[in-house]
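Chemist: Turn these sequences into a full structure, and let the hints guide you.
Those sequence lines, one after another, are chains A and B. Just so you know, we're using this note's numbering here: the first sequence kicks off at 62 and counts up by one. Just so you know, we're using this note's numbering here: the second sequence kicks off at 4 and counts up by one.
Check the hints yourself; a few may be wrong.
[Said to hold, decoys possible] Covered by chain A, per the in silico footprint, the following chain B stretches (three or more residues, Cβ under 8 Å):
1. 90-99
2. 112-123
3. 158-169
4. 292-299
5. 333-345
[As the list claims (entries may be wrong)] In silico SDA-like pairs for lysine to any residue, Cα to Cα no more than 25 Å straight-line:
6. Lys443/B with Gly305/B
7. Lys349/B with Arg223/A
8. Lys349/B with Ala241/B
9. Lys8/B with Gln28/B
10. Lys349/B with Trp225/A
11. Lys349/B with Gly224/A
12. Lys443/B with Arg411/B
13. Lys8/B with Ile65/B
14. Lys8/B with Glu253/A
15. Lys8/B with Thr224/B
16. Lys8/B with Asp227/B
17. Lys349/B with Arg411/B
Worth flagging that the hints you see were computed from the coordinates, not collected in a lab. Positions of the beta carbon are idealized from the N, C-alpha and C atoms, including for glycine.
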Amino acid sequence: MNARAVAAWSACCLFIVLSTTNPVYKVLVLAAALSALAAAGGLRRMRRLLVAALLIAAFATVLNFVSAHLGATVLFALPAQIPALGGAYTLEALVFGASGGITIAAAILAAAPFSLLLDSHEVMDALPAPLSRTGVAIASSLNLVPAVATSFVEVTEAQRLRGWRPRGPRSWMEVVVPVVLTSVEGSIQLAESMEARGFGSGARTTMASQALGRADWLLVAASGLALTAFAIALAAGWAAEWLPYPTLTLPTINPWPIAACLLLFAPVLVWRSRS
Amino acid sequence: MAIAKLNHLTYWYPGGATAALRGVQLQIEDGLTVVAGSSGGGKSTLLRVFNGLVPHFHGGRIAGNADVLGMDVIATPTRRMARRVGFVFQDPELQTVYNVVDREVAFGLENTAVPRREIAGRVEEALHAAGIAELAGRTVRTLSGGERQRVALASALAMRPSLVVLDEPTSQLDPDGARMVLAAATSLVDEGRSVIISEHRLDDLLREAAGLVLVDRGNVTTVDPHSWRPSAPSLRPARVAAAGGEAWALENVSAGFDGRLVLDGVDLGGRSGEVVVLSGPNGGGKTTLLRLIAGSLAPVGGDVWRRPGRVAYLPQNPTVLLHRPTVRSEVSFTLERSGEVARPEKILEELGLLAVADRYPRDLSSGERQRAALAAVLPGNPALVLLDEPTRGIDPGARAALVALVGRLRDRGASVVLATHDDDLRNALADRVINVRDRKVAEMSLAVAT
Chain A
62 MNARAVAAWS ACCLFIVLST TNPVYKVLVL AAALSALAAA GGLRRMRRLL
112 VAALLIAAFA TVLNFVSAHL GATVLFALPA QIPALGGAYT LEALVFGASG
162 GITIAAAILA AAPFSLLLDS HEVMDALPAP LSRTGVAIAS SLNLVPAVAT
212 SFVEVTEAQR LRGWRPRGPR SWMEVVVPVV LTSVEGSIQL AESMEARGFG
262 SGARTTMASQ ALGRADWLLV AASGLALTAF AIALAAGWAA EWLPYPTLTL
312 PTINPWPIAA CLLLFAPVLV WRSRS
Chain B
4 MAIAKLNHLT YWYPGGATAA LRGVQLQIED GLTVVAGSSG GGKSTLLRVF
54 NGLVPHFHGG RIAGNADVLG MDVIATPTRR MARRVGFVFQ DPELQTVYNV
104 VDREVAFGLE NTAVPRREIA GRVEEALHAA GIAELAGRTV RTLSGGERQR
154 VALASALAMR PSLVVLDEPT SQLDPDGARM VLAAATSLVD EGRSVIISEH
204 RLDDLLREAA GLVLVDRGNV TTVDPHSWRP SAPSLRPARV AAAGGEAWAL
254 ENVSAGFDGR LVLDGVDLGG RSGEVVVLSG PNGGGKTTLL RLIAGSLAPV
304 GGDVWRRPGR VAYLPQNPTV LLHRPTVRSE VSFTLERSGE VARPEKILEE
354 LGLLAVADRY PRDLSSGERQ RAALAAVLPG NPALVLLDEP TRGIDPGARA
404 ALVALVGRLR DRGASVVLAT HDDDLRNALA DRVINVRDRK VAEMSLAVAT
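Modeler: Put into structure tokens, the structure is as follows:
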């Protein structure tokens with residue numbers, strides 16, 4: 062799995078899901094992302110991510126349902142005097158909110174292979190040469206994230222045994238300050254270690270080959286084709302826009318954008334399990 | 004042949020009122036050179052001069068001259084010196100950039116733009132030189148501390164340095180891990196490289212050393228490594244009170260993380276006025292056992308009991324405790340929270356910290372920080388004292404002070420549990436030694452343990 066090929070596929074997914082309002086195409090992108098993750102690592106491994114995406118999507122749905130009092134099909138109404146919540150609750154607002162939720166979930170899952178299926182150095186290797194040093198700095202700082210979590214547990218335990226108890230926001234300073242200081246010190250020591258190994262000397266090389274394999278080329282080609290097809294469909298008006306307001310209607314579909322979305326299922330064919 | 008010459012070198016850290024190195028006159032010959040001295044004396048600062056981290060990374064003011072392998076340290080940035088001087092730091096976890104061993108070892112080669120076709124061969128060569136060829140392709144986070152430190156050594160060796168500098172590379176390792184790292188380091192001399200190493204475990208190193216540098220309060224002297232003798236081990240403090248009743252107990256306790264058991268079916272207990280020492284390899288479960296006794300970790304199964312009273316707990320990473328503006332206020336903080344009346348200066352004096360009592364604890368050396376953390380948890384009269392690697396990075400003098408302090412707490416009735424790899428500490432204090440390994444605990448006779 063080459064990070065550049067993954068980037069091409071992710072970018073294409075994001076382009077389609079963010080450039081259309083049609084929920085059919087969004088659902089297809091979401092399904093493609095789920096299938097890709099399942100093919101590469103199995104959905105059970107990604108349970109936390111899926112739960113997070115589901116919660117965020119649900120929140121987006123509820124937020125629009127509660128805040129957008131538009132649409133003709135009123136499900137129920139709350140008195141207008143209730144601040145923020147008062148007004149008509151409509152089917153159109155609920156469906157539009159759900160469409161927004163699908164957009165967010167599809168975008169999260171399309172970007173997920175970078176963190177779930179690739180190591181940080183594989184992402185770094187995919188960066189163009191001028192960004193290589195920045196990439197190394199970012200990736201190495203990401204390596205410190207687990208250390209921050211460990212530090213939080215250690216500090217909380219140690220401070221509890223010295224008599225600390227959580228009593229309001231100010232009391233947390235006794236935990237937060239050592240955690241932040243420990244993290245900063247860890248970053249400085251890592252930077253010192255990187256400097257001692259010549260980081261910042263100038264142009265870098267990389268041990269890994271950037272060459273794309275046959276499967277990577279297949280993915281890049283499918284993604285490129287999908288992007289081109291969907292862009293043409295948008296320009297030609299075949300990927301019709303959809304708005305549920307004022308009255309809910311079914312979205313119209315066209316074979317061109319459908320075919321473009323189906324190309325995004327290519328990872329199912331080329332990604333093997335990376336358990 | 005001289006590989007490094009320091010001439011009237013004086014160095015102040017940024018904002019430092021006193022010099023960390025004072026008028027250093029030093030010539031290092033090729034071969035193995037050992038750097039020793041009390042913690043906080045300036046060993047790490049001196050070592051960082053050899054690859055230019057002092058002054059280029061740390062800033063501050065510097066006076067005098069330093070020449071290493073023909074390079075003027077003050078005029079040559081560290082990233083250029085890195086091509087000829089390798090450096091291995093204390094903490095293996097805080098010097099890892101990549102997740103995979105090969106890539107980690109290749110990091111320096113990539114930074115110095117070594118052509119891709121050469122990198123794989125150089126990585127293989129470095130892994131062999133560090134004695135870890137079998138680790139190629141492994142994920143770094145799955146390695147033991149000793150293996151990770153040898154990966155750090157391989158990372159330095161990949162640059163084919165003429166000089167390798169190691170700053171207390173074994174301070175966080177168990178005896179097996181330490182032996183592996185020191186053997187790999189000393190073998191470099193046989194390959195024609197020069198090695199400068201700072202260590203507290205001196206016995207084996209001094210036999211092989213061509214030079215010994217002593218650093219104390221910024222002053223540097225050289226002595227003959229074959230005639231110099233390190234401080235004697237800490238003496239066993241005389242017991243003035245007998246052990247009392249049961250202070251804590253674990254009954255059929257199991258514990259673990261993420262579905263993996265670290266301890267399984269453990270039955271163990273301790274009495275007041277008794278010192279129990281936990282030994283065993285890194286990752287064996289000693290810290291988990293301490294956290295269970297402290298009540299910080301809930302068992303998966305079984306029961307944990309401890310008598311009422313204050314628990315003094317020193318975690319493996321002492322800096323997580325330190326958040327007050329001065330060392331003295333760290334001690335006062337614990338006393339205030341526990342409602343005990345005692346003078347902070349008493350424990351500061353016992354641990355040799357009076358001179359730094361008003362300094363910010365995180366500005367201290369690693370050994371001084373360790374002592375500051377000990378002072379922060381041990382004042383007053385704790386009922387249960389749990390110390391995780393309390394002698395990590397501290398010098399023999401500080402170890403002797405710790406032995407005396409723990410002996411006093413024991414005689415006042417505290418129940419003490421120590422997790423340590425330090426043979427001297429164990430021999431000086433242990434009433435019982437418990438080996439923690441493979442999810443089980445087993446009591447060892449003191450004769451076997453020593």
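Chemist: Mind listing which of the numbered hints don't hold for this structure, in increasing order?
Modeler: Result: hint 12 breaks, nothing else.
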